[in-house]
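Starting from the known structure of chain E, fit chain R onto it as the hints suggest.
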Amino acid sequence: MACRGITKRFPGVLANDRVDFDAIEGEVHALLGENGAGKSTLSNILTGLYRADEGELEIHGQPVAFHSPRDALDAGICMVHQHFRLVEPFTVAENVILGDHRDVGRSFRIDPRAIERRVAELGQRYGLAIDPRARIWQLSVGEQQRVEILKALYREARVLILDEPTAVLTPQEASELFVTLRAMAAEGRTVIFISHKLHEVMAVADRVTVLRRGCSIATVPVGETSSRALAALMVGRELEGSKPHQRQTVGDVVLSVEGLWADGDRGVAAVKDVSLEVRGGEIVGIAGVAGNGQRELAETITGLRSASDGVVRVDGVALRNGDPRAAIHARVAHIPEDRLHTGVAPSLSIASNVVLKSYREDAHSRGPMLRLRAIGDRATRLIKQFDVHTSGPHVPARQLSGGNLQKVVIGREFMGTPRVVIAAAPTRGLDVGAIESVHAYLRDASELNVAVLLISEDLDEILALADRIVVLYEGHIAGEVDADVATVEEIGLLMAGGHAG
Amino acid sequence: MSVRIERRLRQPRWLSVVVPLGSVAFAFVTIAIVLAATGHNPAHTFAKLFQSAFTDSGALSATLVSATPLAFTGLAAAAAFRMNLFNIGAEGQLYFGVIGAIAIAVVLGDGVAKPVTIAAMCVAGAAAGAAWAAIPGVLRAFARTNEIITSLMLNYVAALVLNYLIFDSHSYWRDTTSPSAAVFPQGKAIPDAATWPFATIGGIAGGIAVPLGLGIAAVVGTALWVLYKHTRFGFELQVIADSPRAARYAGMRTRRKILAVMCISGAIAGLGGAAQVGNFDHLLDPRSLQQQLFGYSGIVVAALARYNPFAVVVIAVLLGGLKNAGFALQGVDFPSGLVGVMQGIFLFSVLGGEILVRYRVRLFRPGRVSRTEPAA
Chain E
1 MACRGITKRF
11 PGVLANDRVD
21 FDAIEGEVHA
31 LLGENGAGKS
41 TLSNILTGLY
51 RADEGELEIH
61 GQPVAFHSPR
71 DALDAGICMV
81 HQHFRLVEPF
91 TVAENVILGD
101 HRDVGRSFRI
111 DPRAIERRVA
121 ELGQRYGLAI
131 DPRARIWQLS
141 VGEQQRVEIL
151 KALYREARVL
161 ILDEPTAVLT
171 PQEASELFVT
181 LRAMAAEGRT
191 VIFISHKLHE
201 VMAVADRVTV
211 LRRGCSIATV
221 PVGETSSRAL
231 AALMVGRELE
241 GSKPHQRQTV
251 GDVVLSVEGL
261 WADGDRGVAA
271 VKDVSLEVRG
281 GEIVGIAGVA
291 GNGQRELAET
301 ITGLRSASDG
311 VVRVDGVALR
321 NGDPRAAIHA
331 RVAHIPEDRL
341 HTGVAPSLSI
351 ASNVVLKSYR
361 EDAHSRGPML
371 RLRAIGDRAT
381 RLIKQFDVHT
391 SGPHVPARQL
401 SGGNLQKVVI
411 GREFMGTPRV
421 VIAAAPTRGL
431 DVGAIESVHA
441 YLRDASELNV
451 AVLLISEDLD
461 EILALADRIV
471 VLYEGHIAGE
481 VDADVATVEE
491 IGLLMAGGHA
501 G
Chain R
1 MSVRIERRLR
11 QPRWLSVVVP
21 LGSVAFAFVT
31 IAIVLAATGH
41 NPAHTFAKLF
51 QSAFTDSGAL
61 SATLVSATPL
71 AFTGLAAAAA
81 FRMNLFNIGA
91 EGQLYFGVIG
101 AIAIAVVLGD
111 GVAKPVTIAA
121 MCVAGAAAGA
131 AWAAIPGVLR
141 AFARTNEIIT
151 SLMLNYVAAL
161 VLNYLIFDSH
171 SYWRDTTSPS
181 AAVFPQGKAI
191 PDAATWPFAT
201 IGGIAGGIAV
211 PLGLGIAAVV
221 GTALWVLYKH
231 TRFGFELQVI
241 ADSPRAARYA
251 GMRTRRKILA
261 VMCISGAIAG
271 LGGAAQVGNF
281 DHLLDPRSLQ
291 QQLFGYSGIV
301 VAALARYNPF
311 AVVVIAVLLG
321 GLKNAGFALQ
331 GVDFPSGLVG
341 VMQGIFLFSV
351 LGGEILVRYR
361 VRLFRPGRVS
371 RTEPAA
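Protein sequence lines correspond, in order, to chains E and R.
With the numbering used here applied, the first sequence covers 1 to 501.
With the numbering used here applied, the second sequence covers 1 to 376.
Okay, chain E solo, but in the shape it has when bound:
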């Protein structure tokens, strides 16, 4: 598979600028790049979701033009998206044949037994053990990812594209995935692995193509490079080595959570008897595999979700249960996991989103009327101060790239001089440069005696920033470790429900 001079323009942005890249049979090829570097755009072009404005795609030396994802599937290209495309009430086998329009999928009658047999057989061959009759909602996130890969194998994909596949896995699950990917490559398939995590790329890929600002910078064999060299290629400059975190002299307890229980979206308890304290100037990390109650915990502390029991206190004052405004008044800043629909109102302008929480204040409204000029000024200030790349405060938030959107959210939350910061997956999907600045903001906050609760699935991030690490498993605290002495293996074990040894 090869790309020649792929160019894709979006309003005001050049997402892909003459990208050249080729992946050969039997290799794991990593696509590495900053957010907004054009990785997602490129993979969407490869899978037929977008059409390139210029340039050519070739498969086995033959030019192809995709007009829909179906054309790409016919050409043997499958993609495992970061957010799975599975039908929850269906079984594994049903999901596998879904959208497959070759013989079996096309016939009016389907033979579930035969499909289940085939799925089980494929699972065994590639070490993707899974019950073909299980329903998707019964499966863990890691298992759901296996279903996505099985889907590709069932369709006899020649090229498999994975977008940030390890974000939802424990370190142990990730290494199992790598074994599967290597096995697929060994059979002569092509695996394209999109990631921003350097050590994963080093561990699994044969060759790496680095994208920066929409251009392909270089393609190098992994054996001939180093993490450091790759990072420099990605960002376009040498990164400062991550400086060891200065332990703060911590202050009084600012945030305290006592015996908190809360129901998840399905009405089943998702947060179970969680108690923790965060002191001023301290960063407490919450680790865990995605879906173990982290999102619900953050939402309950910030009042978005009602607690069924327990209490949240800020500076000793209990917050009214289930009232986001109480948390805002107590100056609890919240960087939500779902940036695009919770963190901002996507169709509204950057300016509107900058004052999303502060529009009631005197600075932004007089009586019932908004002070639109003051709001615009504040947005302009935030854009400058937090280095948001955009043409102005009137651009709708949804047109921003992930990194710039996160800067708007963080800027808004930090301009409100918070007492507590609840940061949920604050760097997910961001590039190395943006991750650095998000980390710097969190460190700065802790230096200003703010209590920071960092919820992340990225262990490296938690290890780099947190003073203490609390591990959540199925909604309760599986254990707490000191960041100075903790090892990845120890935390990984807790994340999988084991006990600290």
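Hints are supplied without guarantee of correctness; some may be wrong.
So the derived list for chain R, only partly shown, Cβ under 7 Å to chain E, looks like this [to be verified]:
(1) 36
(2) 38
(3) 218
(4) 222
(5) 231
(6) 232
(7) 235
(8) 239
(9) 242
(10) 243
(11) 245
(12) 246
(13) 249
Between beta-carbon pairs, the in silico distance windows are [claimed, not checked]:
(14) R/146 x E/221: 50 to 60 Å
(15) E/267 x R/352: 39 to 49 Å
(16) R/352 x E/315: 51 to 61 Å
(17) R/351 x E/368: 27 to 37 Å
(18) E/88 x R/143: 20 to 30 Å
(19) R/341 x E/156: 47 to 57 Å
(20) E/53 x R/16: 39 to 49 Å
(21) E/232 x R/351: 51 to 61 Å
(22) R/336 x E/367: 49 to 59 Å
Facing chain E, from chain R, some residues (calculated, C-beta under 10 Å) [what the hints assert, rightly or not]:
(23) 6
(24) 215
(25) 219
(26) 223
(27) 226
(28) 227
(29) 229
(30) 230
(31) 233
(32) 236
(33) 241
(34) 247
(35) 251
(36) 256
The hints are simulated quantities; they were obtained by calculation from the structure and are not laboratory data.
No experiment lies behind these values; they were computed from the predicted model shown.
Each residue gets a CB set at the ideal place from its N, CA and C atoms; glycine is no exception.
Relative to the frame of chain E, chain R by itself:
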């Protein structure tokens, strides 16, 4: 050739001008073909249509009469639809506005100054409409009931209430004294002090009579625009409409706002009812109100105006003209069904054309769709 419809990534500004104009042109061409096929002269028909809607003596005044209730129900729909609240109940809310306005007008009688009576009618009409809209509003906000269904069903209930007040009871609204009422049940007429004035513009051929109601509609439209663009309340509504989760995250009281929007929408429709009584009907006439379908036509007006309050007033006048012209065209050699077909083609083209603003149509030869074979 194969055809594919793709979503536009950006919507150029010129499109929102060119597409509606193109749609209107398309509609006229299609209508011309239909007219020619049925043995009518298209040019002659169009000329007559235009004259009887706008240029004949008194035509424009009649058009404004038809436009007034449409402007109110159009604004009512636009106010709610902008917030993704689909209040289909402007019809019933307008009926209640009529009931409320007549009640207060009859109570006050002739002894009160006209401006006071008119203001009281406006308040009573708006309050009654808002109260009727509050039912689906409360159900939607606090019980998550689908407001489309509840507001639609309440239209039928409101129609039955009208019938009950005049035909099936000796209610306060029914005229039981005059001789004609003894023959056929009819509503009490409002006193002279409660009839709304017309402003006359220009002196040629009697001038154009602008009903007070239309003026009030224009004021309401402006107020709505200010409310949505310049107030905290409007800001909250924008956020709620765009992303309810973001609104909750920002600490907004979502449910109260939903109820408030439904009540504002109902109040505007109710005000339309008051204007209809004050300016034109002067009594409660269930049959005539139910035939006009002001509430449902308002949805079309709002859609054509893309929920822009200023455009609503303009579109209401155009559609009011189309409606009147339709009546004028009907005759021995011009069946009313053909008028309906013309109006249908017109609305279908203009609403259908909207898709071209958001999507583009691409044509390409099928040979290039799939893999191209290497040159032999």
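Hint check results:
no., hint, verdict
1, 36, "violated, 40 Å"
2, 38, "violated, 42 Å"
3, 218, "violated, 21 Å"
4, 222, "violated, 15 Å"
5, 231, "holds, 5 Å"
6, 232, "holds, 5 Å"
7, 235, "holds, 6 Å"
8, 239, "holds, 5 Å"
9, 242, "holds, 4 Å"
10, 243, "holds, 5 Å"
11, 245, "holds, 5 Å"
12, 246, "holds, 4 Å"
13, 249, "holds, 5 Å"
14, R/146 x E/221: 50 to 60 Å, "holds, 59 Å"
15, E/267 x R/352: 39 to 49 Å, "holds, 43 Å"
16, R/352 x E/315: 51 to 61 Å, "holds, 59 Å"
17, R/351 x E/368: 27 to 37 Å, "holds, 35 Å"
18, E/88 x R/143: 20 to 30 Å, "holds, 26 Å"
19, R/341 x E/156: 47 to 57 Å, "holds, 55 Å"
20, E/53 x R/16: 39 to 49 Å, "violated, 24 Å"
21, E/232 x R/351: 51 to 61 Å, "holds, 56 Å"
22, R/336 x E/367: 49 to 59 Å, "holds, 53 Å"
23, 6, "holds, 9 Å"
24, 215, "violated, 25 Å"
25, 219, "violated, 18 Å"
26, 223, "violated, 12 Å"
27, 226, "holds, 9 Å"
28, 227, "holds, 9 Å"
29, 229, "holds, 8 Å"
30, 230, "holds, 6 Å"
31, 233, "holds, 6 Å"
32, 236, "holds, 8 Å"
33, 241, "holds, 9 Å"
34, 247, "holds, 7 Å"
35, 251, "holds, 3 Å"
36, 256, "violated, 13 Å"
Hint violations for this structure: numbers 1, 2, 3, 4, 20, 24, 25, 26, 36, all remaining hints satisfied.
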